Amino acid sequence: MKRTLAVSGLTALGLVAAALLSGCQGPQGDDGGPDPRRGAVLVEREACGACHQIPHIQRAVGRVGPPLAGMARRTIIAGYLPNTPDNMKRWIQSPQSVAPGNAMPDMGLDDRDSRDIAAFIETLD
Amino acid sequence: MFTMVRFPVAAAFGHGPSSTAWPMSYLTTAGPRADPVTALVWGLILLSIAVSFLIAVLVVWGVLVRRVPGSDEGVASMAVSRPAGGLKWIWIGLVPTVGALVVALIWTIYAIRAVDSPGQSPALTIEVTGHQWWWELRYPGSSPNANFTSANEIHIPVGEPVLIELKAADVIHSFWIPALGGKTDAIPGRTNLTWIQADRPGVYRGQCGEFCGLQHAHMALVVVADPPEAFEAWRQAQLRPAPQAHDTVRAGQALFDAHCGACHTVSGTAAGGIVGPDLTHVMSRSTLAAGMLRNTRAARLGWISNPQALKPGARMPATDLSARELAGVESYLETLR
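Protein chains in written order, with my numbering: chain H, 1 to 125; chain Z, 1 to 337.
Here chain Z stands alone, though its shape is the one from the complex (with noise of 0.2 Å):
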C-alpha cells in the first residue's frame, strides 16, 4: 500500500530546495554541449512523423482514388501498360526526399560541429575514472597541493564549459549526464575527451552508459552545477586535508585505518588506499555507493557492515567489525566533512 510512496529527488540529493533536481531526460536540457542536439532530435521527430502522415495519405488516396476506371480485373498488367507518364511521380518522390535528407543531413553536420568543443577555453578540467561500480573524480590544480579527488558527486561553476577527460580503470564504461550532453565511452588505456556546460545552477542526475558488469544500474553520479563563488567554497574545502582527529574519535580513527585504509584514503591520516572513493570528505556528498543510497547515517552504517547485501558484486567486502567498532568508524567518519 505504501508503494507509491517515492522521495523528491530534489530533497533525496539533500541540496535544498532551491536547487533544481534534473532527471534523467535528454529532451530537456541544460547546456550548450546538449542543446543543439536536443533541438536536432525534436526536429527529425517531427520531420519523420510528416513524412510518415504524407505517404499514408497518399497510399490511401491511391487505394481508393486513383484508379484506372474498369481496371478492377487486370491490376498485374495495369502498371505497365498504362500509357500515362508515371516517371513524373518518381521525381516528384525523390526530389523533396533528397531535399529533406540533404536538410536533415546538414543541420546534424551543424549540431555535431557545436557540441564537439566549447565555444570558449575551458573554466576547469576534471579527470572521471570509470571504475566497477563508481566514479573516481580528479581535479588537477596549478601545483600539487592544489589537487584533490573525490568521488561521484561533480562540482561545476555555473554557466562555464569544463573539460572531462575520461579514462576507465577495468572495463569500458560511458560518462552520460542525458541533461548536459549525450554519452562518451571511457575506455582502459585510451583518454576520450568530453565537456559539459550546465547553464542553469541544479543538480543533474547521470549514469554509466555501457554496461560494464553486475553493477552497472548502481552506478549513478550526479553534477552539481552551483554559482561561481559557491563553486569556489567548495573547492577550496575540498582541498582541505582531513581536521586531526579529536580524542572522542581517535579509536574509531584507528578502526578506519586498520580496517579500511588499505582501500580508502583520507587525505592528511595513514589511510591512503586507491581502490575505492576517496573519503577525505565524504560527509560532502548527497550519495554513498554511486548515487545508490542517501548519504545518512543508517545507510554509512548498513553500507559498512554488508555492502554485499545492498551491492551484490561490488569490490567491497562486508566487514567483521562489532556493533561497537561500528560506531567508532562511524563517529570518525562523521568528521570527515
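So that you can see chain H by itself, here it is in the shape it has in the complex (with noise of 0.2 Å):
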C-alpha cells in the first residue's frame, strides 16, 4: 500500500515536473522572446551562485550578495530600481552603471543573456 502510494506520488511528480519544463521551455531562437530556462543555464555558467544564494541553482550558497529566492515579488532592485523586466535586465547587463562602485561585477553580458537571466530571476517567487 505504502509502496504503491509512492509509486502513483513519484509519478504523479514525474508529470508536474514534465509540464513544468515542457511550459517554460520556451522559443530558443535569438528573437524568440525571454527564455528563463537558457538564463538557468547561464546563471550557472557565470557563477552567480558565487555572491548569491539562488534557488533551482547548484550549489548556488554564496552570501557575498542577497539571496535572489522571492526575487519576483519584490519591489526594488538593488535599492535603486523598481524591479520591472527591463529595469532588471539593465542591472544584470550593467550593474556598474546604475550603482557605481557597488560589489557586483559587470560580467560581459550581452542583451539576450541578460534578458533570459532577467526571465529567470523573475520566476523566482
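You may find that some hints are simply not true.
[What the hints assert, rightly or not] Sample of chain H residues facing chain Z (criterion: CB under 7 Å; computed from the structure):
1) 48
2) 51
3) 63
4) 66
5) 67
6) 69
7) 98
8) 100
9) 101
10) 102
11) 105
12) 110
[To be verified] Pair ranges (Cβ atoms, derived):
13) H/66 <-> Z/247: 32 to 40 Å
14) Z/23 <-> H/70: 31 to 39 Å
15) H/111 <-> Z/49: 28 to 36 Å
16) H/86 <-> Z/232: 30 to 38 Å
17) H/70 <-> Z/211: 32 to 40 Å
18) Z/274 <-> H/100: 33 to 41 Å
19) Z/251 <-> H/73: 35 to 43 Å
20) H/75 <-> Z/272: 47 to 55 Å
[Stated by the list, open to error] Far from chain H, by Cβ distances over 12 Å, these chain Z residues were calculated:
21) 165
22) 298
23) 330
Hints in this document: simulated from the structure, not taken from any laboratory.
No experiment lies behind these values; they were computed from the predicted model shown.
Where is the CB? At the ideal position from N, CA and C, for every residue including glycine.
Relying on the hints, combine the two individually framed chains into one complex.
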C-alpha cells in the first residue's frame, strides 16, 4: 500500500515536472522572447551563485550579495530601481552603470543573455 | 522547475568544443595505466555473472530433478546413506573453480604488472602535493628558472607517460583520475610514485579518493591532455613571471600584496606566500577552489569576498575588503594570464 502510494506519488511528481519543464521551454531562437531556462543555464555558467543563494541552481550558496529567493515579488532592485523586467535586465547587464562602485561586477553579458537571466529571476517567487 | 538544468561538463571547463570531457568513470578509460585494469574488471564481472548463473542452474536442477525416488520422507538421512559415488561431484566442482581462480589470478598479476610502470621512460615528472583542500602542482625543470608551480589543473602531453610524485602537506589524500588509472595515496612524510598517460586529448576529471576532512568532496582536479605543441606552449606560458602591473591595476596589486600575498604567490612580485595556490597564472585555469567553481569574474569576486560561504572550513578566510577594493583586486587578477 505504502509502496503503491509512493509509486503513484513519484509518477505524479514526474508528470508535474514534465509539464512545468515543457511549459517553460519557450522559444530558443535569438528573437523568440525571454527564455528563463536558458537564463538558468547562464546563471550557472557565470557562477552567480558564488555571491548569491539562488533557488534551483546547484551550489548557489554564496553569501556576498542578497539571496535571490522571492526576487520576483520584491519591488526594488539593488536599492535603486523599480523591479521591472527591463530594469532587471539593465541591472544584470551593467550593475556598475546603475550603482557605480557597488560590489556586483559587469560580467560582459549581451542583451539576450541578460534578458534571459532576468526572465529566470522573474520566476523566483 | 529548473533543477534539471545542468551545464555540460565540456563547456564548464572552458576548453572549447574540441576537447572531450571525461567523466569520473573507471569503466571507460583512456590510457595504459588504466586499460589493463578496466579489461580485468569487465572480465571478472562477466566471470562472476557466469559462475552465479551456473550455481543457480545447478541448485534448481538439484532441487527439482535430482531426487532419489521414494526418498521424500527421509531427507536428512539421504545424503549419507546414498551408495552412489557422490565424491566425484567434489572434483567436478573443484576443478573448474580452481581453474577459473587460477586464470583470474594470473590475469590479475599481469594487469598489476602492466600498470606498475610505463613501458618507456616518462616524458616528464610532476610533483603533486595534496593540501586541505586543493592540489599543488610543481613542474620541475632542468634548472631553477625552469620550475613552475600551479594548482588543481594538470597539463600533460597526450600519448606520453608522465611520472607523478605524490606528497601530502597535512593529512592523507589520494590521487585519483578514474579514466587514467586507479588511486594512489598521498601520505605526509612520504613520496609515493604513480604515473598517468592519456592516449586521447581531453579533459579528465579527478577527485581526492581518501577522506581528508570537511571539504574532501570539494577537492577535485582536472588533467588536461594536450597535443605536444599545445602542451609546450602552455609550459612556456606558465614559466613566465607575472607581467609588470599596468598603472590601472597597480592599486589592485598593492591590495593583493597586502591582503593576499602572505598566502599566495605571484611570481615576480612581492606576493610570495606558500600556504595557498600559486596565482601567477590563475586566469589560465578553468576552475577555482579545486574544481568547485568555474573561473568567472563573479566566481572570483564571490570566492575572494566570502570563501567560507562556498567552502566552509577552507583555509582561506573571509576578507574585509570593500566593494571598490574587491574590484581593484579583481582587475589585478585579470592580468595574471
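Check: Against the structure shown, which of the earlier numbered hints fail to hold, in ascending order?
Finding: 4, 5, 6, 7, 8, 12, 15, 16, 22, 23
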